[in-house]
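Please work from the sequences and hints to get the whole structure.
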Amino acid sequence: MNNLVANPDQQQEVTAQQSQELYITPLVDVQSTPECVVLRAEMAGVSKTGVDVSIEDGNLVLLGRREPLNVSGDPIYVERRPVHYRRVYELDPSIDTDKITARAEDGILTVTLPKTEKVKPRKIALE
Amino acid sequence: METNRYQPYLQSDFSAAFNRLASLREEMDRLFESPVGPILRPPGSLRSWSPPLDVYEDKDSFTVLLDLPGLKRQDIEITLREQNLVISGERRAEENKGEEGFRAERFYGGFQRTVKLPAQVEPNKVRASYQDGILKVVLPKAEAAKPKQIAVSAD
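Keeping their order, the protein sequence lines are chains A and B. Residue 120 in the working numbering is what sits at position 120 of the first sequence, and the numbering runs on without skipping anything. Residue 12 in the working numbering is what sits at position 12 of the second sequence, and the numbering runs on without skipping anything.
In case anyone wonders, no lab produced these hints; they're calculated from the structure. Hints may contain errors.
Under the rule of at most 25 Å between Cα atoms (straight-line distance), these lysine-lysine pairs were calculated in the BS3-like manner [as the list claims (entries may be wrong)]:
| # | chain 1 | residue 1 | chain 2 | residue 2 |
| --- | --- | --- | --- | --- |
| 1 | B | 136 | B | 116 |
| 2 | A | 48 | B | 146 |
| 3 | B | 146 | B | 59 |
| 4 | A | 99 | A | 123 |
| 5 | A | 48 | B | 59 |
| 6 | B | 116 | B | 59 |
Partial selection, computed: residues in chain A whose CB lies under 8 Å from chain B [said to hold, decoys possible]:
| # | residue |
| --- | --- |
| 7 | 77 |
| 8 | 98 |
| 9 | 100 |
Backbone N, C-alpha and C fix where the C-beta goes; we use that ideal spot for every residue, glycine too.
Next up, the structure:
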């Protein structure tokens, strides 16, 4: 669980490096069960095609790119920010990286990280 | 005509103090805009969430955009009272919380945003769509509010 919680300092660095495109850190809920860890990241405006989930140097990188919306007229009031989303998590060794799945729905990126068989709780039969 | 009035200090002193504290925190969040903001903000504490909103205008209509990731269509309510567009709703948490551990940053529960549009709109022609967590409301202007060219008559 602790390994999955990314270091905030690291993330700011990442954001600063990307000078061309602005990335912000999405809000993420992390849920851990005996079978898997589930991440749910808020990425409003990111469709299936804008999602990029990858593993780089043992880190799980969540990337969400927003496509520009088709809106007519000029903005007269603006609070939303034209940004992309990026968040990096250190992967715990208990995660089975071959079985990671991701899904984008209603602006939420859900990443399911199954744990390897050897760390799952298991009953040992008595001889 | 304003329909949503601010009612100051009807609550007990204690909760009023808390509300003031919450709005102060909101101010501070704005100062520390993202990416730092979401990290500093304690989840689910002191205040309800407030989704960001844009308003666009062209000669025929207004378009209102709201970032509402993770809602269901049926949990979004849109009402128009005179020129006030009120968008409210509720984000429900996923049923199965983890037995082992849970780290929550996202906000759940109700929200409400009110926009006072700068001109009259046609209430029957308002259309709303929700895709990829973004709510888009298009409000065609009333005939009276559209720009008109006045021809200069000869006499």
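Cross-check of the supplied hints:
no. : hint          : result
1   : B:136 - B:116 : holds, 16 Å
2   : A:48 - B:146  : violated, 38 Å
3   : B:146 - B:59  : holds, 7 Å
4   : A:99 - A:123  : holds, 23 Å
5   : A:48 - B:59   : violated, 33 Å
6   : B:116 - B:59  : holds, 17 Å
7   : 77            : holds, 4 Å
8   : 98            : violated, 22 Å
9   : 100           : violated, 17 Å
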